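S.K.: Each chain is listed here by its residues.
Number of protein chains: 2
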Amino acid sequence: MGIRRKGAAMVGSMVERLPFWGQLTSDEQTLVAERSSLRSFDAGQIIGSSGNSCTGIVFIIEGDIRVSLLSEEGKEVTLFRVGCGECCVTTASCVIEQISFDTMVVTARRSSLLVVPASVCAQLARDNVYVKAFMLQVEVKRYSQVVCVLQQMLFKRLDQRVASYVLEHCRAAGTAEVAVTQDELARDINSAREAVTRALRRLAQDGLIEIRRGRIIVRDVDGLARLV
Amino acid sequence: MGIRRKGAAMVGSMVERLPFWGQLTSDEQTLVAERSSLRSFDAGQIIGSSGNSCTGIVFIIEGDIRVSLLSEEGKEVTLFRVGCGECCVTTASCVIEQISFDTMVVTARRSSLLVVPASVCAQLARDNVYVKAFMLQVEVKRYSQVVCVLQQMLFKRLDQRVASYVLEHCRAAGTAEVAVTQDELARDINSAREAVTRALRRLAQDGLIEIRRGRIIVRDVDGLARLV
Numbered sequence: 001m002g003i004r005r006k007g008a009a010m011v012g013s014m015v016e017r018l019p020f021w022g023q024l025t026s027d028e029q030t031l032v033a034e035r036s037s038l039r040s041f042d043a044g045q046i047i048g049s050s051g052n053s054c055t056g057i058v059f060i061i062e063g064d065i066r067v068s069l070l071s072e073e074g075k076e077v078t079l080f081r082v083g084c085g086e087c088c089v090t091t092a093s094c095v096i097e098q099i100s101f102d103t104m105v106v107t108a109r110r111s112s113l114l115v116v117p118a119s120v121c122a123q124l125a126r127d128n129v130y131v132k133a134f135m136l137q138v139e140v141k142r143y144s145q146v147v148c149v150l151q152q153m154l155f156k157r158l159d160q161r162v163a164s165y166v167l168e169h170c171r172a173a174g175t176a177e178v179a180v181t182q183d184e185l186a187r188d189i190n191s192a193r194e195a196v197t198r199a200l201r202r203l204a205q206d207g208l209i210e211i212r213r214g215r216i217i218v219r220d221v222d223g224l225a226r227l228v
Numbered sequence: 001m002g003i004r005r006k007g008a009a010m011v012g013s014m015v016e017r018l019p020f021w022g023q024l025t026s027d028e029q030t031l032v033a034e035r036s037s038l039r040s041f042d043a044g045q046i047i048g049s050s051g052n053s054c055t056g057i058v059f060i061i062e063g064d065i066r067v068s069l070l071s072e073e074g075k076e077v078t079l080f081r082v083g084c085g086e087c088c089v090t091t092a093s094c095v096i097e098q099i100s101f102d103t104m105v106v107t108a109r110r111s112s113l114l115v116v117p118a119s120v121c122a123q124l125a126r127d128n129v130y131v132k133a134f135m136l137q138v139e140v141k142r143y144s145q146v147v148c149v150l151q152q153m154l155f156k157r158l159d160q161r162v163a164s165y166v167l168e169h170c171r172a173a174g175t176a177e178v179a180v181t182q183d184e185l186a187r188d189i190n191s192a193r194e195a196v197t198r199a200l201r202r203l204a205q206d207g208l209i210e211i212r213r214g215r216i217i218v219r220d221v222d223g224l225a226r227l228v
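Chains as they are written, first to last, in our numbering: chain A, 1 to 228; chain B, 1 to 228.
Be a bit skeptical, because a hint or two may be false.
Derived EDC-like pairs: lysine to aspartate or glutamate, alpha-carbon spacing no greater than 20 Å straight-line [stated by the list, open to error]:
hint: 1; chain 1: B; residue 1: K141; chain 2: B; residue 2: D64
hint: 2; chain 1: A; residue 1: K75; chain 2: A; residue 2: E194
hint: 3; chain 1: A; residue 1: K156; chain 2: B; residue 2: E72
hint: 4; chain 1: A; residue 1: K156; chain 2: B; residue 2: E73
hint: 5; chain 1: A; residue 1: K75; chain 2: A; residue 2: D183
hint: 6; chain 1: A; residue 1: K141; chain 2: B; residue 2: E97
hint: 7; chain 1: B; residue 1: K141; chain 2: A; residue 2: D102
hint: 8; chain 1: A; residue 1: K141; chain 2: A; residue 2: E86
hint: 9; chain 1: B; residue 1: K141; chain 2: A; residue 2: E97
hint: 10; chain 1: A; residue 1: K141; chain 2: B; residue 2: D102
hint: 11; chain 1: B; residue 1: K156; chain 2: B; residue 2: D222
hint: 12; chain 1: A; residue 1: K141; chain 2: A; residue 2: E168
hint: 13; chain 1: B; residue 1: K156; chain 2: A; residue 2: D102
hint: 14; chain 1: A; residue 1: K156; chain 2: A; residue 2: D188
hint: 15; chain 1: A; residue 1: K75; chain 2: A; residue 2: D188
hint: 16; chain 1: A; residue 1: K156; chain 2: B; residue 2: D102
hint: 17; chain 1: B; residue 1: K156; chain 2: A; residue 2: E73
hint: 18; chain 1: B; residue 1: K156; chain 2: A; residue 2: E72
hint: 19; chain 1: A; residue 1: K156; chain 2: B; residue 2: E76
hint: 20; chain 1: A; residue 1: K156; chain 2: A; residue 2: E194
hint: 21; chain 1: B; residue 1: K156; chain 2: A; residue 2: E76
hint: 22; chain 1: B; residue 1: K141; chain 2: B; residue 2: E168
hint: 23; chain 1: B; residue 1: K75; chain 2: B; residue 2: E184
hint: 24; chain 1: B; residue 1: K75; chain 2: B; residue 2: D183
hint: 25; chain 1: A; residue 1: K75; chain 2: A; residue 2: E184
hint: 26; chain 1: A; residue 1: K75; chain 2: A; residue 2: D102
Ranges between beta-carbon positions, derived for each pair [as the list claims (entries may be wrong)]:
hint: 27; chain 1: B; residue 1: R110; chain 2: A; residue 2: T175; range: 48 to 56 Å
hint: 28; chain 1: B; residue 1: D222; chain 2: A; residue 2: Y130; range: 42 to 50 Å
hint: 29; chain 1: A; residue 1: D27; chain 2: B; residue 2: Y130; range: 19 to 27 Å
hint: 30; chain 1: A; residue 1: S26; chain 2: B; residue 2: G12; range: 39 to 47 Å
hint: 31; chain 1: B; residue 1: G22; chain 2: A; residue 2: G22; range: 25 to 33 Å
hint: 32; chain 1: A; residue 1: R202; chain 2: B; residue 2: I211; range: 46 to 54 Å
hint: 33; chain 1: A; residue 1: E72; chain 2: B; residue 2: R110; range: 34 to 42 Å
hint: 34; chain 1: A; residue 1: T175; chain 2: B; residue 2: E86; range: 41 to 49 Å
hint: 35; chain 1: B; residue 1: V221; chain 2: A; residue 2: E86; range: 37 to 45 Å
hint: 36; chain 1: B; residue 1: M10; chain 2: A; residue 2: G12; range: 52 to 60 Å
hint: 37; chain 1: B; residue 1: F155; chain 2: A; residue 2: V221; range: 33 to 41 Å
hint: 38; chain 1: A; residue 1: R39; chain 2: B; residue 2: R215; range: 51 to 59 Å
Source of the hints: derived by calculation from the structure; they are not laboratory data. Note that the coordinates shown come from a computational prediction; the quantities given were computed from them, not determined experimentally. Glycine is no exception: its CB is placed at the ideal position from the N, C-alpha and C atoms.
Full structure from sequences and hints, please.
M.R.: Next comes the structure, spelled out in structure tokens:
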């Protein structure tokens with residue numbers, strides 16, 4: 001079996017994991033299987049950015065990606081991350097006429113992605129109202145996340161934002177520990193690394209968390225939750 | 001003809017102006033016509049707020065409404081306004097499971113609204129994928145508007161935000177003049193009245209605008225556009 005056929009076989013098994021796979025007609029399934037591709041990225045690679053690209057729907061097989069706003073001066077604001085098993089539809093925003101802003105999409109770590117090209121997404125969104133509704137639903141979920149970012153940035157103190165972040169990630173992972181560097185954390189909550197380090201130290205002094213290299217361990221969930 | 005029948009007749013003619021009317025089955029049209037109601041509000045009245053209500057889809061017949069975030073301390077951030085002929089779906093956010101944030105919805109001026117109750121919206125969203133897609137599309141459009149607010153607040157100087165606001169409203173109205181008080185403008189762009197007054201004065205000194213009571217007249221569109 002040649003490399004090409006192996007690739008095609010792998011795509012074939014991956015496309016079935018797309019959340020909207022079951023809502024496709026068999027012709028649409030064939031189209032998606034034939035036109036989608038598997039792509040690998042190192043950490044920090046740009047998948048799509050400001051108006052210059054419309055990648056299509058990106059399904060995260062492994063790793064995760066970060067979607068952010070970029071100012072003209074290069075100031076960056078993280079809107080959300082998209083993780084394993086989730087779809088990034090923002091990368092197909094050219095297909096969704098209601099979206100008029102530009103984002104930068106970067107791999108947060110080494111990632112393996114299944115890409116359904118924009119032209120295929122456009123066809124599906126036009127012909128299959130369920131796929132269209134799926135794409136819109138994903139975007140509305142991101143809307144909700146972005147409003148939370150806005151609320152945190154405008155209304156919350158830094159220690160509260162750090163505490164929220166740690167609690168949320170523990171809940172999502174079902175553990176008492178978050179694997180994140182202080183750089184990453186600062187980036188994710190849109191603050192400066194030095195300020196985040198000070199906030200973490202204060203939380204550690206209060207016995208709420210323990211700081212290790214590349215991870216944060218929660219020592220007092222209730223205490224942390226009272227802060228938020 | 002009694003008042004009640006007159007009311008019902010008016011609702012009957014108004015429901016046909018709902019953007020999703022044509023996508024309803026005749027049974028659904030009957031349901032919407034029978035259950036919707038016309039309501040009048042003075043300026044500054046609360047239509048819905050923080051988790052305590054789920055009004056349903058609000059269609060603006062006259063006037064406009066403002067949707068904002070409220071901090072625990074009462075600090076308010078305007079997300080967007082919804083004007084004449086548009087639907088506010090945020091007021092039916094209980095129907096859209098992807099929305100998890102709370103907003104405050106207030107009439108910006110004397111308004112006349114057609115309200116399709118939440119229970120009817122829930123039924124339509126469940127049974128009619130086109131109505132569901134319509135609701136999601138409206139929310140994705142709001143998402144785009146909220147990201148623009150975020151970009152303006154984070155990346156732009158106050159004079160640029162004021163200039164953007166004035167230009168945008170002139171374009172939307174197709175005139176060289178915006179009917180807005182300085183209080184309203186400050187509220188809409190999330191700044192302090194005093195700061196907005198200073199910014200407006202500077203723009204007037206530069207010959208870009210002229211300030212009148214309750215309105216702003218654009219004197220140099222290109223100059224204003226260069227600022228943004």
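S.K.: For this structure, which hints from the list above don't hold up?
M.R.: none
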